[in-house]
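Student: One letter stands for each residue in the lines below.
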Amino acid sequence: MVRPTDELAAHSIVSFLESQGTKSTLRFITCGSVDDGKSTLIGRLLFESKAIFDDQLASIEADSRQYGTQGEKIDLALLVDGLQAEREQGITIDVAYRFFATNKRRFMVADTPGHEQYTRNMATGASTADVAVILIDARKGVLTQTRRHSRIVSMMGIRDIVLAINKMDLIGFNQTEFDKIVADFRAFVSDFEFSTVTAIPLSGLDGDNVLHRSARMPWYDGPSLMDFLDTVQVSDDAVGRPFRLPIQWVNRPNLDFRGFCGRIASGRVQPGDVITVLPSGAQSRVKSVLSGFSDAEAAVAGDSVTLTLDDEVDISRGDVIVANAYRPEVADQFEARLLWMNEHPMAPGRQYFLKLGTREVSATITEIKYREDVNTGARLAAKTLDLNAIATVNLSTSAPLVFDTYRDDKGLGCFILIDKLTCKTVGAGMIQFALRRARNIHWQELEISKELRAELKYQIPKCIWFTGLSGSGKSTIANLLEKRLYAQGKHTYLLDGDNIRHGLNRDLGFIEADRVENIRRVAEVAKLMVDAGLIVLVSFISPYRNERQMARELFGPDEFVEVFVDTPIEECEKRDVKGLYAKARTGQLKNFTGIDSPYEAPAKPEIHLKTIGCSVNECVEDIAHKLGVEPLSSPLVMYR
Amino acid sequence: MHMNSLEAEAIEIIREAFSMARNPVMMYSIGKDSSVMLHLARKAFYPAPPPFPLLHIDTGWKFQAMYAHRARMVEEAQVKLITYTNPDGAAQNVGPFSHGSNYHTDIMKTQALKQALDFHKFDVVFGGARRDEEESRAKERIFSFRSEGHRWDPKAQRPELWNLYNTHMRANETIRVFPISNWTELDIWQYIYKEDIPIVPLYLADLRPVVRRGGQWIMIDDNRFPFQPGEQVENRKVRFRTLGCWPLTAAVESEADTLEAVIAETFNARSSERQGRLIDSDTPGSMEKKKQEGYF
Numbered sequence: 001m002v003r004p005t006d007e008l009a010a011h012s013i014v015s016f017l018e019s020q021g022t023k024s025t026l027r028f029i030t031c032g033s034v035d036d037g038k039s040t041l042i043g044r045l046l047f048e049s050k051a052i053f054d055d056q057l058a059s060i061e062a063d064s065r066q067y068g069t070q071g072e073k074i075d076l077a078l079l080v081d082g083l084q085a086e087r088e089q090g091i092t093i094d095v096a097y098r099f100f101a102t103n104k105r106r107f108m109v110a111d112t113p114g115h116e117q118y119t120r121n122m123a124t125g126a127s128t129a130d131v132a133v134i135l136i137d138a139r140k141g142v143l144t145q146t147r148r149h150s151r152i153v154s155m156m157g158i159r160d161i162v163l164a165i166n167k168m169d170l171i172g173f174n175q176t177e178f179d180k181i182v183a184d185f186r187a188f189v190s191d192f193e194f195s196t197v198t199a200i201p202l203s204g205l206d207g208d209n210v211l212h213r214s215a216r217m218p219w220y221d222g223p224s225l226m227d228f229l230d231t232v233q234v235s236d237d238a239v240g241r242p243f244r245l246p247i248q249w250v251n252r253p254n255l256d257f258r259g260f261c262g263r264i265a266s267g268r269v270q271p272g273d274v275i276t277v278l279p280s281g282a283q284s285r286v287k288s289v290l291s292g293f294s295d296a297e298a299a300v301a302g303d304s305v306t307l308t309l310d311d312e313v314d315i316s317r318g319d320v321i322v323a324n325a326y327r328p329e330v331a332d333q334f335e336a337r338l339l340w341m342n343e344h345p346m347a348p349g350r351q352y353f354l355k356l357g358t359r360e361v362s363a364t365i366t367e368i369k370y371r372e373d374v375n376t377g378a379r380l381a382a383k384t385l386d387l388n389a390i391a392t393v394n395l396s397t398s399a400p401l402v403f404d405t406y407r408d409d410k411g412l413g414c415f416i417l418i419d420k421l422t423c424k425t426v427g428a429g430m431i432q433f434a435l436r437r438a439r440n441i442h443w444q445e446l447e448i449s450k451e452l453r454a455e456l457k458y459q460i461p462k463c464i465w466f467t468g469l470s471g472s473g474k475s476t477i478a479n480l481l482e483k484r485l486y487a488q489g490k491h492t493y494l495l496d497g498d499n500i501r502h503g504l505n506r507d508l509g510f511i512e513a514d515r516v517e518n519i520r521r522v523a524e525v526a527k528l529m530v531d532a533g534l535i536v537l538v539s540f541i542s543p544y545r546n547e548r549q550m551a552r553e554l555f556g557p558d559e560f561v562e563v564f565v566d567t568p569i570e571e572c573e574k575r576d577v578k579g580l581y582a583k584a585r586t587g588q589l590k591n592f593t594g595i596d597s598p599y600e601a602p603a604k605p606e607i608h609l610k611t612i613g614c615s616v617n618e619c620v621e622d623i624a625h626k627l628g629v630e631p632l633s634s635p636l637v638m639y640r
Numbered sequence: 641m642h643m644n645s646l647e648a649e650a651i652e653i654i655r656e657a658f659s660m661a662r663n664p665v666m667m668y669s670i671g672k673d674s675s676v677m678l679h680l681a682r683k684a685f686y687p688a689p690p691p692f693p694l695l696h697i698d699t700g701w702k703f704q705a706m707y708a709h710r711a712r713m714v715e716e717a718q719v720k721l722i723t724y725t726n727p728d729g730a731a732q733n734v735g736p737f738s739h740g741s742n743y744h745t746d747i748m749k750t751q752a753l754k755q756a757l758d759f760h761k762f763d764v765v766f767g768g769a770r771r772d773e774e775e776s777r778a779k780e781r782i783f784s785f786r787s788e789g790h791r792w793d794p795k796a797q798r799p800e801l802w803n804l805y806n807t808h809m810r811a812n813e814t815i816r817v818f819p820i821s822n823w824t825e826l827d828i829w830q831y832i833y834k835e836d837i838p839i840v841p842l843y844l845a846d847l848r849p850v851v852r853r854g855g856q857w858i859m860i861d862d863n864r865f866p867f868q869p870g871e872q873v874e875n876r877k878v879r880f881r882t883l884g885c886w887p888l889t890a891a892v893e894s895e896a897d898t899l900e901a902v903i904a905e906t907f908n909a910r911s912s913e914r915q916g917r918l919i920d921s922d923t924p925g926s927m928e929k930k931k932q933e934g935y936f
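Protein chains in written order, with our numbering: chain A, 1 to 640; chain B, 641 to 936.
Pulled out of the complex, with its shape left as it was, chain B reads as follows:
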């Protein structure tokens, strides 16, 4: 019942936005929410393949396993993939270790996303944000408008009644569409389980090389980790609750090496999934500020 209606609502939203879009695209971050989004897009248009490309903002710092998963899914879904990396950031070798997490995220994610959207002139952009993730997301509409420069004005959101989504845009406006707004983390896992959706293996526990830094486990995914005195690689059984840039995504120690065990562990956990992300806890309202500036 519950799961069916969430799926039907998401498919309705995807079809509605697509029907009115000139140049739509779906954000694809390779994480579990993106996996669900891609699955929904495939269902919405079956037997046709998804009629829009996926857009991956590649910071150059994703886990190797994520790149492998991306290649597999693009093949399987018969969908076009567009990747974009901020050329200025790449030229300056911007990275989280050399430039700090905030600067790296701003240049390689937020600015890169804006550049990519402007460059390709996408007008409708599907995203996998959920209202249960964070306080400012709980307030956001399913069809969320961005003014020129991709700014979000939380005080001037359009009323959004029934299932009548207003898809009209003025010149230089774009829409972010969030089909899984009303899903919770539990719904996501449940859907992945029920539909047998492929996910990146990093979500499951395994022995992995990690370093303890700032009270958190950071996995060493390539040779770019600048070791500090006293830091040592240990092999620990860990998994990830969210996936992003590997230096900015902490692992948690876990024995959960099956999907069932991960789900069980997730709902015994007493901390929310974004805790493993190092960017949105600096100051109160920091996610809202990032969103106003164009962060997805």
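Here chain A stands alone, though its shape is the one from the complex:
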């Protein structure tokens, strides 16, 4: 390994800069269990490659006395564990990116955390890595976290693996132990589709087999870690695959220029190429390829470009320009492998934002096919996914996506899921294939429309959605409102939470995933009824803002009326008509809204009913007024 300065002395500055700029970059991660010595190993690589400046070293020396775990020696791990909490606890929490170079390559290393709770940070590092260095403590062998990380590394499509058996100094550089761990690991990863697994015995602390072959392990005849990283050929064939350009932005500075900006995900492009725009299917020919301030003869995967086309084609952000001859698939239902990355469990049926390429749509997980056991890979049944779970799922999206399978092309094969309320990134997915049902089932156009059905009934169909705590008065109010509408000749139907749970939804419980499905089904039923021309009253606790939003999005702009029946929990509990609060308080009833399950009040309901000091009749009149129902000429009397 050389310092830049050694090369600098040997060359003129101009040739030095040229040689630096044309080096290739290798991105790799280090991963493995806690205390396997990942940070120390990287610290050693940085130290030996002279990537550490004197003042940084001096500050690490001072810090070593305060936080170090190596007695009088410099604790090289402190070069990477940069957060205060990490130093205080002596662990790695988040992925750290570090840079160093040899005279062959530039390296960007992501040091990833070993603790299970920070697995999402490990996945962050793995998603952009070419090579993974999986560390194992020679004294401990293959651990659960080694298996978890190997599984994620494989899932992320990293094909070249270094198995770094660390702390060999602590087992007396014993070859038999080394061979045993390697055999264990190879057996475990036999079906992981790794192209190469290179096992290296080393000591990050002392530097054995890190830069140079160690004299203390004469039985080992493979490369040192650095030799391996310097020479490994990564089979990155992004340039060789068909052309894909996800459009980020359309540049229209004046009437004469219309450029389509993006970073080429795969393949190459040059003026004259015939292209197709997806999902629209429009075709054109490439007029010019703008790279920075000038036209380029061609551009390849990894380049950020601006294309102009021969024809006026309608293209916007989220579309993909592709090679005419080799098109990706377009579908709205998929099977994918998913890593769940949030403390809040994944709920099938809930809507998330899905981002793939530059396209963002709404998506729901329609089915968890199975969760994978981290240790064995066994397929387990699951109703929800907890933090760090890996599963194979079916997804359905609100609009068709242009994609390749992750195996064929990482660029358009991966996606993230974003929670609509917290805006956190909660899932990372890799598409396996499109579901055939989406491709083959087409929407049947019906000739009698919602409008025609409604006209026959002399009414405007609506969905009036009552939400509120148990005992807040939803059903009582909805019931009276329905009578009121009926009396005026309106065609209505009341969907009541308790009643629906006796039939359509009797298979559902009260955990979050079931609550989400509960709302999804009733919202779909309400939609059909509105389509039939009815005024539908829905009386469901519907505690989550997310699902009420999902319901709202099923309807037209003025069709959905959210009524927040706002009764304080103390009052609901005092009424406790069904004795449920008492049971919940004593723990007999689990997952009860307002007690041990959250209620997310609507931010902007169409109608906000504060029921305290307001009679049921007044509440109903209030709603009727706001709905524009004509006032009654005489008190409400029901005729049979």
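Source of the hints: derived by calculation from the structure; they are not laboratory data. Where is the CB? At the ideal position from N, CA and C, for every residue including glycine. Each hint should be verified, as a subset may be incorrect.
When the alpha-carbon atoms are kept at most 25 Å apart in a straight line, the in silico SDA-like pairs for lysine to any residue are as follows [as the list claims (entries may be wrong)]:
(1) 834(B) <-> 102(A)
(2) 104(A) <-> 199(A)
(3) 23(A) <-> 645(B)
(4) 604(A) <-> 812(B)
(5) 420(A) <-> 803(B)
Among the chain B residues that face chain A by a calculated CB cut under 7 Å, a handful are [claimed, not checked]:
(6) 642
(7) 648
(8) 656
(9) 683
(10) 687
(11) 688
(12) 801
(13) 804
(14) 808
(15) 824
(16) 897
(17) 900
(18) 903
Got chain A; can you put chain B on it based on the hints?
Tutor: Chain B in isolation, oriented as in the chain A frame:
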């Protein structure tokens, strides 16, 4: 290869953040990293000029040469410039000599930045921070979220996979976007050289009036330097490795008066570039603390 992919990645990040932003802005400190950032922004949107303004937090203590360079670049790039100075700090005449470096930096930089972002309601703020600068930066995401009050919570960063940046924000959240996160100091110099990007002449060595204080050379840029007994102005050939407020930015003695020589010298040097800055070496983790409180 290497340089091309860093540039392409930075342009992708700038376009992606811009596409989703309501009210974006690019921090502009006039230094070499800012110069690279502005150049990248020009490339990302060419032939249109950068579609967002630059924001310069002016402490009132920048080098004269920096103000001159700023005027030149704004003209050349056809970009809108917003400058902001903390009005309370200005009214109280806060400065590094009278109030100390920590107080000055807090009031005139950190607080001023927060005020400026709040005042203009910027939601996406481009910054030129790099992961190789300092340990806590090495941990930061490219799209880095700030909660209300611009606080950074290093333990609750969003996972950031592939090139799929999550640009969603809740009310009162903002995003700092760092397009050159993966660049090193060498990359910056190399890019400036390759692209012939204009930089402030203070980066090149020249004879300049300096005073020795606290073991470092401080350049006398105007008449506000409070001389202590025994302190004398000397003319020395010096240059700057970073640029900030002149009283807080030490010069180094150097013969490197061409860009090539500066680069050669930079990579023979054995101390990191932030050493010339007097603010981040007080206590371990001091940069992380400043960042949690809203320092860029």
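Student: Any CB of chain A closer than 7 Å to the CB of residue 642(B)?
Tutor: holds (5 Å)
Student: Are the Cα positions of residue 834(B) and residue 102(A) separated by 25 Å at most?
Tutor: holds (21 Å)
Student: Should the interface hint for residue 687(B) be scored as holding, given a Cβ-Cβ cut-off of 7 Å against chain A?
Tutor: This hint holds: residue 687(B) lies near chain A, its Cβ roughly 5 Å from the closest one there, short of 7 Å.
Student: Would you settle whether the hint for residue 656(B) is holds or violated, based on the nearest Cβ-Cβ distance to chain A being less than 7 Å?
Tutor: With Cβ-Cβ at 6 Å, under 7 Å, it holds.
Student: Tell me if residue 804(B) is really an interface residue toward chain A, meaning its C-beta lies closer than 7 Å to one of theirs.
Tutor: Holds. Min distance 5 Å.
Student: Need the status of pair residue 420(A), residue 803(B): alpha-carbon distance at most 25 Å?
Tutor: holds (20 Å)
Student: Could you grab the alpha-carbon distance between residue 23(A) and residue 645(B) and see if it respects the 25 Å cut-off?
Tutor: holds (11 Å)
Student: Double-check residue 683(B) for me: the hint is only fine if its C-beta lies closer than 7 Å to a C-beta in chain A.
Tutor: At 4 Å from the nearest chain A Cβ, residue 683(B) passes the 7 Å test, so the hint holds.
Student: Keeping to a limit of 25 Å between CA atoms, is the pair of residue 604(A) and residue 812(B) held or broken?
Tutor: With a Cα-Cα distance of about 18 Å, the restraint between residue 604(A) and residue 812(B) holds, given a limit of 25 Å.
Student: For residue 104(A) and residue 199(A), compute the direct alpha-carbon distance and say whether it is at most 25 Å.
Tutor: holds (22 Å)
Student: Per the CB criterion, is residue 897(B) less than 7 Å away from chain A?
Tutor: violated (14 Å)
Student: Hey, does the residue 801(B) contact hint survive, CB to chain A under 7 Å?
Tutor: Holds, because the Cβ-Cβ distance from residue 801(B) to chain A comes to roughly 4 Å (cut-off 7 Å).
In this structure, the one hint that does not hold is number 16.
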